[in-house]
Amino acid sequence: MVEFFNRIFGRQNSGATAKERLRLVLMSDHLSLAPEMIEAMKRDLLDVISKYVQLDRDKVDVHFENQDDALAMLANIPITGVNRNSGPKDDSGTGSTPPQSGSTSKKKRKSTNTPAAAT
Amino acid sequence: MHQLKSDAQPAPVSLGRAIVITSGKGGVGKTTTTANLGTALARRGASVALVDADVGLRNLDIVLGLESRVKHHVLDVLEEQVTLDEALVRDKNSPTLHLLAAAQTREKDDVDTDKMRALVQKLRERFEYVLIDCPAGIEMGFKNAVAGAQEAIVVCTPEVSAVRDVDRVVGLLGNAFSPQLIINRVRPQLVKKGKMLSVEDVNSILRLPLLGVIADEPDVIVSTNKGEPLALRSDSRTAAAYHAIAARVAGEDVPAPTVTQKESLMDRLGALFGGRR
Ligand SMILES: Nc1ncnc2c1ncn2[C@@H]1O[C@H](COP(=O)(O)OP(=O)(O)O)[C@@H](O)[C@H]1O
Ligand SMILES: [Mg+2]
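Sequence order for the protein chains is A and B.
Just so you know, we're using this note's numbering here: the first sequence kicks off at 1 and counts up by one.
Just so you know, we're using this note's numbering here: the second sequence kicks off at 1001 and counts up by one.
Pulled out of the complex, with its shape left as it was, chain A reads as follows:
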């Protein structure tokens, strides 16, 4: 009811806006206050990806950006070649399906929306 009136009069629900801004700002605060966590996450991420392709680890760029309604993790990962004989199956004993390997527990604070752009 109130929302209906608010819409009619073109009023903005600034409390909700505040809440959303707060959520985003705190997420990036927490990330910037935990550089070790980001390094660990980056390492794990690259470990997983390099099971399939060869990377130039020195040129990898991972950063966070506030997008409209979410914090996004953006990864730019230069690929230098493809691992022919690699696949989900031929790895050493550590779990065969990549999404389950590595220490995913370190990714706890990652945003729900994480588009990763690989070039």
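One or more of the hints may lead you astray.
[As the list claims (entries may be wrong)] Incomplete in silico selection of chain A near chain B, CB under 10 Å:
{"no.": "1", "residue": "N13"}
{"no.": "2", "residue": "L55"}
{"no.": "3", "residue": "R57"}
[As the list claims (entries may be wrong)] Partial chain B-side listing against chain A, Cβ under 10 Å, derived:
{"no.": "4", "residue": "R1043"}
{"no.": "5", "residue": "R1044"}
{"no.": "6", "residue": "L1078"}
{"no.": "7", "residue": "Q1081"}
{"no.": "8", "residue": "E1159"}
{"no.": "9", "residue": "D1167"}
{"no.": "10", "residue": "R1168"}
{"no.": "11", "residue": "G1171"}
{"no.": "12", "residue": "L1173"}
{"no.": "13", "residue": "G1174"}
{"no.": "14", "residue": "L1190"}
{"no.": "15", "residue": "V1191"}
{"no.": "16", "residue": "D1201"}
{"no.": "17", "residue": "S1204"}
{"no.": "18", "residue": "I1205"}
Hints were generated in silico from the structure; no laboratory data involved.
Just so it is clear, CB atoms sit at the ideal spot from N, CA and C, and this is done for glycine as well.
Dock chain B with the ligands against chain A, hints included.
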């Protein structure tokens, strides 16, 4: 433990509790909260020392109406110019409440953290509660204010910047201090209209034990003007909220904090046309 005492003599068998009142951001109500919580605790019969750790920006004496009685300050004691007894000012309304004022003409960096810690320890031997009014910021002044405390009360207003700063301060406090939250300057009418962060909004983010909620009330400003903390009054809802906080601090099981506020005519008219109660 909370026996009625007429004065603060070296009596308590156990050490008192040193609680720092902090927030990160300035102007959210730390000093107001310290004065009112101290008054409310003293009204319960507890012996209380208030320490103004906002060196250089002394205000707690003003809020308590004690500015004319302050002759010495924290730094005089730390630097052994005067004794603790010479510097402690007894409140004019509550006999068990005492103030240790901040130095107005000195800087926060002049305070020696170890000496400050020792001073708070000494106060804990004499008072059941030592409330430390922390300056804004997270630098030296904050570190000195926190040094002797075992507990923290964080004061937040329903604003993005204040919540962010509290989040930062709580992060800095780490696992110690078991921080508890007071949300100050809430305007229920605005919350109802969706124009202000609600208590739930704030605490869904901070997730701290909620000690109390204080409305944004002109009476708070009026009482500060007069130098008589609102908690002295018995006819005010906001005073009652401070007393509930004091009871909760003292370990009493009081009902969950809520906040009410007088509705203005405009609020009521608005609600009428908005189809709400
Ligand atoms: N609940 C309240 N309602 C209205 N005004 C308030 C309230 N709490 C604090 N204020 C006012 O806000 C200002 C800042 O408060 P203060 O306690 O000095 O903040 P801090 O110590 O955090 O800087 C003061 O003018 C005070 O009177
Ligand atoms: Mg202050």
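Hint-by-hint comparison with the structure:
The beta carbon of A:N13 comes within 4 Å of a beta carbon in chain B, closer than 10 Å, and the hint placing it at the interface holds. About 34 Å separates the beta-carbon of A:L55 from the nearest beta-carbon of chain B, more than 10 Å, and the hint is not met. For A:R57, the interface hint is violated, the least distance from its beta-carbon to any beta-carbon of chain B being 31 Å, above 10 Å. With a cut of 10 Å, the hint placing B:R1043 at the interface with chain A is violated, because the nearest CB-to-CB distance is about 35 Å.
Hint on B:R1044 is violated. Least Cβ distance to chain A is approximately 35 Å, over the 10 Å limit. Interface hint at B:L1078: violated, since its Cβ lies 32 Å from the closest Cβ of chain A, which is beyond the 10 Å cut-off. For B:Q1081, the interface hint is violated, the least distance from its beta-carbon to any beta-carbon of chain A being 41 Å, above 10 Å. Interface hint at B:E1159: satisfied, since its Cβ lies 7 Å from the closest Cβ of chain A, which is below the 10 Å cut-off.
For B:D1167, the suggested interface contact is upheld, since its CB lies about 6 Å from the closest CB of chain A, less than 10 Å. At a threshold of 10 Å, the smallest CB-CB gap from B:R1168 to chain A is about 7 Å, leaving the interface hint in force. Below 10 Å, beta-carbon pairs count as interface contacts, and B:G1171 has one with chain A at about 7 Å; its hint therefore holds. Look at B:L1173: its Cβ only gets to about 14 Å from chain A, farther than 10 Å, so that hint breaks.
For B:G1174, the interface hint is violated, since its Cβ never comes within 10 Å of a Cβ in chain A; the closest pair sits about 12 Å apart. A distance limit of 10 Å between C-beta atoms decides the matter here; for B:L1190 the minimum to chain A is near 8 Å, and the interface restraint holds. The beta carbon of B:V1191 is positioned within 10 Å of a beta carbon in chain A (closest approach about 7 Å), and the interface hint is therefore held. Annotation: interface hint on B:D1201 holds; nearest CB of chain A at approximately 5 Å, less than 10 Å.
Look at B:S1204: its Cβ gets to within about 8 Å of chain A, closer than 10 Å, so that hint holds up. At its closest, the beta carbon of B:I1205 sits 6 Å from a beta carbon of chain A; the interface hint therefore holds under the 10 Å criterion.
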